[in-house]
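Asker: Residue-level listing of the chains:
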Amino acid sequence: MSISTSALKPVRRHPAAPRAKRALGRVLIYAALLFWTLICLFPIYWTVTTSFKSAVDVTQAHLIPWVDFQPDWKGWRSLGLSPDALFGTSTARAEFTSRFVNSIITSVGASLLALILGSLAAYGLSRFRYKFAWMRNDDILFFFMSQLILPPVVLALPFLVLYKALALLDTRFGLILLYTLSVLPIVIWIMRDQFNAIPIELDEAAFVDGLSTWGAFLRIVLPLAVPGMVAAFILSLVLCWNEYFFAALLTSTDAKTLPVMVASQTGSQGINWWSMAALSTAAIAPLVLVGIFLERYIVSGLTTGAGK
Amino acid sequence: MQNSAPVTDDLHQQLAVARAPARRKAAGRALVALASLGFLLVLLVQILHTTSATASGFSDWRPILIAYLIWALAFAIAQVLIRGERGQRALFLLPAVFFTIAVVIFPTIFGIYIASLDWNLSSVEGPRFSGFGNLVGMLNDTYYWNALGNMIFYAVAVLGEYAIAFGLALLLSAEIRARKFFRVVFLLPMMLSPVAVSWMIGKSLLEYRFGPAAALARYLGWENPAFFASPWMARLSIQAMDAWVSIPFIMIILLAGLQAMPREVQEAAKVDGANAWQSFWHVTFPIMLPVSITVLIIRIIFKLKLADIVINVTAGGPGGATDTVSSFIYRVYRDRSNVGYGTALAMVYLVLIIVLLTLLLRLSKRWTQRVV
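Quick note, the sequences are listed as chains P and S, same order. Per our numbering, the very first residue in the first sequence carries number 1; after that it's consecutive. Per our numbering, the very first residue in the second sequence carries number 1001; after that it's consecutive.
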């Protein structure tokens, strides 16, 4: 592991590099790691601390709480989320809550819908041979995957027109449909990989036991595919939660999501630093928690999704 | 799987024959015919209503959506009735196919139609047919060409992200303590919403007067740390922010590739007396080439969609220097509400992307085959 243990090893295949050089290498590696840790964490630290600063502390770039500046609930109070304001009425909090709920409903709804549609299609593609006109399994898979290429702008304006006609503008359902479409290829890819890893002998055994195609899928194969489903679900949740482009174009009042709210607060006239920081903190907090506790699933989702 | 599939095919073929008598087939066909008829009827009523040929109709087009759903459901049921077991198998694929047709294929085709219109959504006039008018307008639109040029910069910059990500992946795969901690931390930027990032970094950290990054730059001797004033600086700042968000993705994929690499190969290089630098270039890098090319292509695909950071931090400025195609079209729509022109630009962009990616895939196939 570290220098000391490897130095104690009795047999070395290779003459040891001078100790000083090795130690230097270690130091450089840890220096690089710490440097990048700083780059990753400092913006988050800055945002979280700024939400507790007053105007003077922001303009003088004070960094360390209790040393440089006295933390204060100012930013959170303007959102109605500080301890003292939490039980009063607050229009800011009402707005924030409704955006937050919108974000949750659209991202969870879209992830679930994509998971259902995607798992079914992935199972079909992994187990059966299809032929639609000239399209065989590989073509069908390519057809689904090729939608990843489609930039959102291509669909955005047609959808604006269509949703206007369908009265789906500014509805959560409209957003869910679009988000589903944007994560569906990823879900299909992950789930197909997952189903391919489950031996087909299990399906055959289920048929012999008298289960139908769907029975075998629902009772035998699906429970085994749960890890893949969790990974696909969390990955789509992250993507949908952060989506801004469609939400900015297609929502105005009712269905606005959190990113749109964050973006609309950064308007030109004098940014309210502390409340912006509090809002950003609140917007990223759920995903930071997901990142810390469910990192395993995200990594496994990404690596099956792209590492092939 | 490929070998065992025919076995089940045969098994179910027999079942399928046994389960689908002629009467059910007829019922299935009738169901499809009926549903199609109903769908067309609803569609006809609504078309006549909107062209004000008839007074009766629906206030919006939502019933068409419901009619489509009912039609899709009827079609799916009919598949089972007509084709028995094979129909049941088609049921796995049909929901995704119908969904995709409704939300991707149809809007794209509809988009091609819109692209030929001069349609200002906020004016009362409604759409006017202009044929290739939008394309002609595009040819004279220097801002659009400028945005395309920027996309080349952004796409090439993926190589820089890749280099950093490779370095990080190597660091994480080295023998270090607290590997899990570093991995989680390095992954975090990817989880953050680009909009929040544009505020956190673009508007606050890089703030000219008192942002910490500006303070640091002043300390290091740059007297006038304006990150978004000059075109190149602004482009680089945007790129840096996007890199911050997306490097973790590349890093994770490369790390998985590094961990899947057989240990013996590295050991062998060591035995042969290669130093770290040589063993990287002659062993690690060539082995990682296929993974690298895959992740680069995926990353470029995502990069070509870049919009939210640009929209929120610079809105394309200064003078269009940071514009991406997506953010430009977004602004065109916001400023002029002309859906026709915006869609035409987007369609041209799509065609360019498809051409570029086809070329990239061809090229990359040759590379990966030559090395591996």
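Don't read these hints as lab results, they were simulated from the structure. A few of these clues could be false.
Said to hold, decoys possible - Computed spacing ranges between beta-carbons, pair by pair:
#, chain 1, residue 1, chain 2, residue 2, range
1, S, Ile1152, P, Arg219, 47 to 55 angstroms
2, S, Asp1141, P, Gly215, 53 to 61 angstroms
3, S, Met1233, P, Asp138, 45 to 53 angstroms
4, P, Ala31, S, Leu1220, 43 to 51 angstroms
5, P, Phe132, S, Arg1263, 27 to 35 angstroms
6, S, Gly1131, P, Leu38, 50 to 58 angstroms
7, S, Leu1040, P, Ala205, 43 to 51 angstroms
Each residue gets a CB set at the ideal place from its N, CA and C atoms; glycine is no exception.
Asker: Compare the structure with each hint and give your call.
Answerer: Hints, verified against the model:
no., hint, verdict
1, Ile1152/S <-> Arg219/P: 47 to 55 angstroms, "52 angstroms, holds"
2, Asp1141/S <-> Gly215/P: 53 to 61 angstroms, "58 angstroms, holds"
3, Met1233/S <-> Asp138/P: 45 to 53 angstroms, "46 angstroms, holds"
4, Ala31/P <-> Leu1220/S: 43 to 51 angstroms, "18 angstroms, violated"
5, Phe132/P <-> Arg1263/S: 27 to 35 angstroms, "45 angstroms, violated"
6, Gly1131/S <-> Leu38/P: 50 to 58 angstroms, "56 angstroms, holds"
7, Leu1040/S <-> Ala205/P: 43 to 51 angstroms, "46 angstroms, holds"
Figure legend: structure checked against the earlier numbered hints; hints not met, in rising order: 4, 5.
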